[in-house]
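There are 2 protein chains.
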Amino acid sequence: MQLLLEKIRQQGIVLPNNVLKVDSFINHQMDPQLMKEIGKEFARRFQNEGVTKILTIESSGIAPAIMTALVMNVPVIFAKKRKPLTLTEHAYTSSVYSYTKQETNIISVSKDYLKSNDTVLIIDDFLANGEAALGLINIVNEAQAKVAGIGIVIEKSFQEGAKKITNKGYRLESLARIASLENGTVTFYHEHSLKV
Amino acid sequence: MQLLLEKIRQQGIVLPNNVLKVDSFINHQMDPQLMKEIGKEFARRFQNEGVTKILTIESSGIAPAIMTALVMNVPVIFAKKRKPLTLTEHAYTSSVYSYTKQETNIISVSKDYLKSNDTVLIIDDFLANGEAALGLINIVNEAQAKVAGIGIVIEKSFQEGAKKITNKGYRLESLARIASLENGTVTFYHEHSLKV
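So the protein sequences, as listed, match chains A and B.
Per full-length UniProt numbering, residue 1 is the first one in the first sequence, and the count goes up by one each step.
Per full-length UniProt numbering, residue 1 is the first one in the second sequence, and the count goes up by one each step.
If we strip away everything but chain A, and leave its shape as in the complex, we get:
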């Protein structure tokens, strides 16, 4: 997705330990027009999958997920990272380790909102080691619903997540695929690196 690659080139900051900081337009400050285009692109790519629900995880998955949901005209659920008092125990859960935050969270989705006849598109902002995406897949499987695919805004293709997901047979669509962050430079994967 050309607009996204240009934004990453212009505003992304490469930090030590393979961290790509995009908090000027994706996950702290957000560009609503870019998010709208991201939503349209996910909706286009998954339009023939019979999606009935979108699932993401708080917090930075919410913006791309709701924009996709708006175009696809389906509800969106965000998994919570710990159970607030207003959620009952009536929930599907999965354990997710965050390498960035170095902590394990229980993510949960109320059983009221995922049913076995749902076809679920999973959306998240980043894919690195795949922990969050695999946790969301677990939750869909627990609900005996169908995974339509996984839509990722920025994939770090040099980490394990993408391979783990495609090896399990799931369709993965990433709008920006980063081959390397070496020497403080963003190199996109495949043909994308030529276009920018």
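Hints are computed from structural coordinates only; laboratory data are not their basis.
Here the structure is a predicted model, which means the values were calculated and not measured.
Careful, some of the hints might be misleading.
[As the list claims (entries may be wrong)] Simulated pairs of lysine-lysine, DSS-like, Cα-Cα distance not exceeding 25 Å:
| id | chain 1 | residue 1 | chain 2 | residue 2 |
| --- | --- | --- | --- | --- |
| 1 | A | Lys36 | B | Lys36 |
| 2 | A | Lys115 | B | Lys7 |
| 3 | A | Lys115 | A | Lys146 |
| 4 | A | Lys21 | B | Lys81 |
| 5 | B | Lys115 | A | Lys21 |
[To be verified] Computed beta-carbon distance windows for the label pairs:
| id | chain 1 | residue 1 | chain 2 | residue 2 | range |
| --- | --- | --- | --- | --- | --- |
| 6 | A | Lys101 | B | Lys40 | 32 to 42 Å |
| 7 | A | Ser116 | B | Thr185 | 28 to 38 Å |
| 8 | B | Gln11 | A | Thr187 | 46 to 56 Å |
| 9 | B | His90 | A | Lys115 | 39 to 49 Å |
| 10 | A | Leu3 | B | Asn117 | 23 to 33 Å |
| 11 | B | Gly169 | A | Arg44 | 41 to 51 Å |
| 12 | A | Leu3 | B | Ser180 | 39 to 49 Å |
By construction, the Cβ of each residue, glycine as well, lies at the ideal position given by its N, Cα and C atoms.
Got chain A sorted already, so can you dock chain B onto it with the hints?
Same frame as chain A, but now just chain B:
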């Protein structure tokens, strides 16, 4: 906002301790068309305030905030509840107590994204005791920016938050104002209670 009041009437569940559960359409599962209408309504109400930026707080403020930002065509920032490793110490912070979760969080916004010449519209899903909204106001003040006003999806008018904010002279616009949750029934404030 009539559509919102109808949704609350139909799908809101009153729990003990004045908790109104709206997680089928606002803060767990979300209705994207409703969020779009909410965004349009906030944009309409604050259209003459010269808003340059929208500020909310993770997680459930993000959806109404980005929909408002999309209509107003300004960036949106979500305050983080604790500092992740990818944020530097270069941040405005405020302490916020959550009565629902019974815990205090430090909320933070990078100094890169709020400037003294910004006019900031604060958006959140709920207003009860006002802790989150006042924390966000503190952050705008710390940045020496201007508060355009506070837009709330659901205000519990029988709690202290609304009074605290208007007593400080800020413009508050709440799309649903709840006068009471007594006897397990949602009663809207003022004329709204007559229309539903």
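Hint check:
{"no.": "1", "hint": "A:Lys36 - B:Lys36", "in the structure": "12 Å, holds"}
{"no.": "2", "hint": "A:Lys115 - B:Lys7", "in the structure": "21 Å, holds"}
{"no.": "3", "hint": "A:Lys115 - A:Lys146", "in the structure": "9 Å, holds"}
{"no.": "4", "hint": "A:Lys21 - B:Lys81", "in the structure": "18 Å, holds"}
{"no.": "5", "hint": "B:Lys115 - A:Lys21", "in the structure": "20 Å, holds"}
{"no.": "6", "hint": "A:Lys101 - B:Lys40: 32 to 42 Å", "in the structure": "35 Å, holds"}
{"no.": "7", "hint": "A:Ser116 - B:Thr185: 28 to 38 Å", "in the structure": "34 Å, holds"}
{"no.": "8", "hint": "B:Gln11 - A:Thr187: 46 to 56 Å", "in the structure": "47 Å, holds"}
{"no.": "9", "hint": "B:His90 - A:Lys115: 39 to 49 Å", "in the structure": "45 Å, holds"}
{"no.": "10", "hint": "A:Leu3 - B:Asn117: 23 to 33 Å", "in the structure": "27 Å, holds"}
{"no.": "11", "hint": "B:Gly169 - A:Arg44: 41 to 51 Å", "in the structure": "47 Å, holds"}
{"no.": "12", "hint": "A:Leu3 - B:Ser180: 39 to 49 Å", "in the structure": "48 Å, holds"}
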